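Chains as they are written, first to last, in our numbering: chain A, 1 to 245; chain B, 1001 to 1582.
Hints should not be assumed to be uniformly reliable.
Claimed, not checked - To be clear about the criterion: a stretch of chain A counts as covered by chain B if any three or more of its residues have a C-beta under 8 angstroms from a C-beta of chain B, and this derived list gives those stretches:
(1) 157–166
(2) 175–183
As the list claims (entries may be wrong) - Here are a few chain A residues that face chain B, going by a calculated C-beta distance under 7 angstroms:
(3) 186
(4) 190
(5) 213
(6) 216
Calculated from the structure, these hints are not laboratory results.
These numbers come from a predicted model, not from an experiment.
We treat Cβ as the ideally placed atom computed from N, Cα and C, and that holds for glycine.
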Amino acid sequence: MFLLPLVGRLCAESRVVPILKAIDENYKMKKDIRAEVTLTQQRAGQGTKIIDMAYFRRDSDDAFLIVMNAPENEKGNGYLRVGDNFWMYRINTRTFQHVNRDESIGGTDAHSEDFETRKLNELYGPAVSSGTEKFSEEMLGKVPVYRFEILAKVNDVDYPRQIFWTRRDNNLLLKQESYSLSGTLMQTAYFLKFTQIEGRYVPVKQMFIDEFEKGNKTIVEIANLVPGKLDDKIFTKAHLENLSK
Amino acid sequence: MLLIRLSLRNLLRQKRRNILLGSAMAIGVAILVVANSFSHGISDIMFNKIMRYVTGHVSVRFNERGGVMREIFRDKERALAAVKGEPVIEESDEAVGMFTRAIGNGRSENIILVGIDTKRNISAKAMKEVQESFRLVEGNWKDVENEALENPVIISSEKARTLNVKMHDIVRVRFRNMFGQDQAARLTVAGIMKNDNIFMQPVVFLELEKEKVLLGYRPFETGSLSLKITDPQKNAAALADRIHDRLKPGTAVIQAVVSGRAGSAPAALLGYKSDDESKAGIRALLKLAAGSFEKAFKKDGVFIPASLAKKLGISAGDTVKLRYDRKFFKDPKEASYTVSAVCSSGCPAGAVLMNDSAFYDLYYEDMPAGAGKTVYPAEKLGAWAALAAPEWILLKRTYNTDEYKKKYQEIARNKWKGTTIDVSTMYETASDILKLEYVLNVITLSAVLVLFFIILLGVVNTLRMTIRERTREIGTVRAIGMQKNEVRDMFLLETFFLTLFASTAGLVLGFAAMWALTLIPITMQDNPLGMLLVNGHLYFLPTFAGIAGNVLLIIAIAVVTAWFPARRAADMSPAKALGHFT
């Protein structure tokens, strides 16, 4: 019971929570979007693999559709999520199969949950040490940033602990370190380039560096991002099958 | 007796001819025995040296929310109770394993991290089988319990070579735990084993409890169960059926105290099935006094009966708090939900209904104290019996691989909110292996029958020559009183004994060939065919039924083939036979 005033004070004075909310607000699209996403995956000793996909997202229910365009062995495969249902489509068998949120997309490190919009503020809370949030002001190159640590509130997120670096002026996320349950640094993400769409900043170039297995790196580039109402028929199995032909 | 003595004596009269013919038959029998034993050996390896470790003779598989990697059952004691009291079960193991990415000294590779329970007592026979399948070349099995080492593991020599690690080197691993969270760990090489089977080479053994902690299991939770039993071919299906019967689920219910603005009251928390068909059934059953079905059918949707809502002083849109005792923790669980709808009629009496997705989140994560004991009375459930969420989903039994595959294709098409339980035997998950053995046996038998057809042509020809040479003898014995059928039987017995002695010689030759072949050491690193070897040698498993059956078949065919010339010899007129000149 004696912790309640302390917790109350934390909640009232948190510097992390408003930033998380701001990040959520910034990433929330008010319209549907379509985009082309390219993943360039470099693996130590295995060369580079380029994956192209078309991405459609409906804002009202966070439904999305992904159709793979490259490489050749993935072309035509797709993923469709509507409500609680998430399907994977395989062009060679022309069948749909229910998959889970941790399903790998096109054999990449990206998983379906990465394409969901989940509120950071609901998933994470500030990490606290001696009653104080782990929060500091730093410079990231020449950019003044806030550095803070967050811990997962739920157990179905990839990384239970993360460190964020966000711009002090507009709370844009510039760098993110992700840690495993055992506290090992697994991945560092850099958000290198942003574009403004409908008053929101969208990171159109992101780099994910595998800190566990050195030499692995993935670059995500988003192009031809077009906001605007998408026909509901796009988010149907029939449409995915048609696109895959 | 006279006929037998005569037949045996006649065999010795044409020694060279009969030895040559008998040798040809013996070679045919030897080929059949060796091929048959080899195909049976392949099945034995697949079932008893691979599948038995991969799945056990009988497996009870749990998948939470249908997730392939989420093999967890939240109440270990209850799972073990379903397999208790079965004398045919020799060992019961938790099958806990995970694919991981391992980084050694400058090299990386995929491995399968498997938990082993070295603390329990196993029979000498079981230990011997383990040591045969996983031969330690360095270290000791008990070293996985060494607390001085960080996560001590036993790794195959092939993977140690690939990862460039030796004894006491560190291997870093990365994987996703049971719940999809990224996890990393450091393992210490405490033992190195040799395994010819390419499919078992990626296996790295870690002590079971340590593995479970890494994967996110709590002490009262279990992975799937793998059972090894006596005489599996005879007992597996029946045992699986019995376990399946014991695992029939009841309705999942949480006895809780619910509180609102005006007070609190006891209530039963039930999950409602949220598939489209069930939702339609619920719409037809319930009349709402407040709120809407659209809101109530969402993932966090809650229906509350009007009588309870009135008692608690709440309505749609208000918060209801619930509190219940937990099975595995001392402190109770507390949670708050927003009431989505109030039902004026149709709700089960005294029950709060939650969307099964949210209900199972509570039920599995914080199992109620009454789980397994508290029963929601069937008469109270009524029409809700089909709509209320069960404790788990028990998949139907299947009896061969085709049915098993169809079952899992069907599963993939559905979305599961609860835990699915599947009880199966290794024979139905791998009935294709039995088919393979059957096909190999058919091919072998066909090939040998073709060979024997050629040999039997020789038998028929030899018999015809013999009868022609002994025509006057036949006339003589017929003249002194031997009957037709005795003449016929004499020739049949000659063929029978020739085939019997040749088969016996063929058996000895076959066993000698198998013994000699097993002496040859064969190295098949990185070759899938290596799984057909045991300790680097070919493996034959002769069976009495297989050998006896084949030998009897050969004898029967020879005797039937000899029937026609023997009958012709018997039908000869004694007078004509006596006057015959060759």
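request  = Tell me if residue 216(A) is really an interface residue toward chain B, meaning its C-beta lies closer than 7 angstroms to one of theirs.
outcome  = Violated: closest Cβ of chain B sits about 9 angstroms from residue 216(A), beyond 7 angstroms.
inquiry  = Holds or violated: the hint that residue 213(A) contacts chain B, with Cβ atoms closer than 7 angstroms.
reply    = holds (6 angstroms)
task = Have a go at the residue 190(A) hint: is there a Cβ in chain B nearer than 7 angstroms to its own Cβ?
result = violated (18 angstroms)
request  = Between the region 175–183 of chain A and chain B, see if three or more residues pass the 8 angstroms beta-carbon test, and mark the coverage as holds or violated.
outcome  = With 4 residues in contact (Cβ-Cβ under 8 angstroms with chain B), the coverage given for the region 175–183 of chain A holds.
Proximity test - 8 angstroms, beta-carbon atoms, the region 157–166 of chain A to chain B, at least three hits = holds (count 4)
ask   = Taking 7 angstroms as the limit, does the beta-carbon of residue 186(A) come near enough to a beta-carbon in chain B?
value = Holds, because the Cβ-Cβ distance from residue 186(A) to chain B comes to roughly 5 angstroms (cut-off 7 angstroms).
Hint compliance for this structure: hints 4, 6 are not met, and every other hint is.
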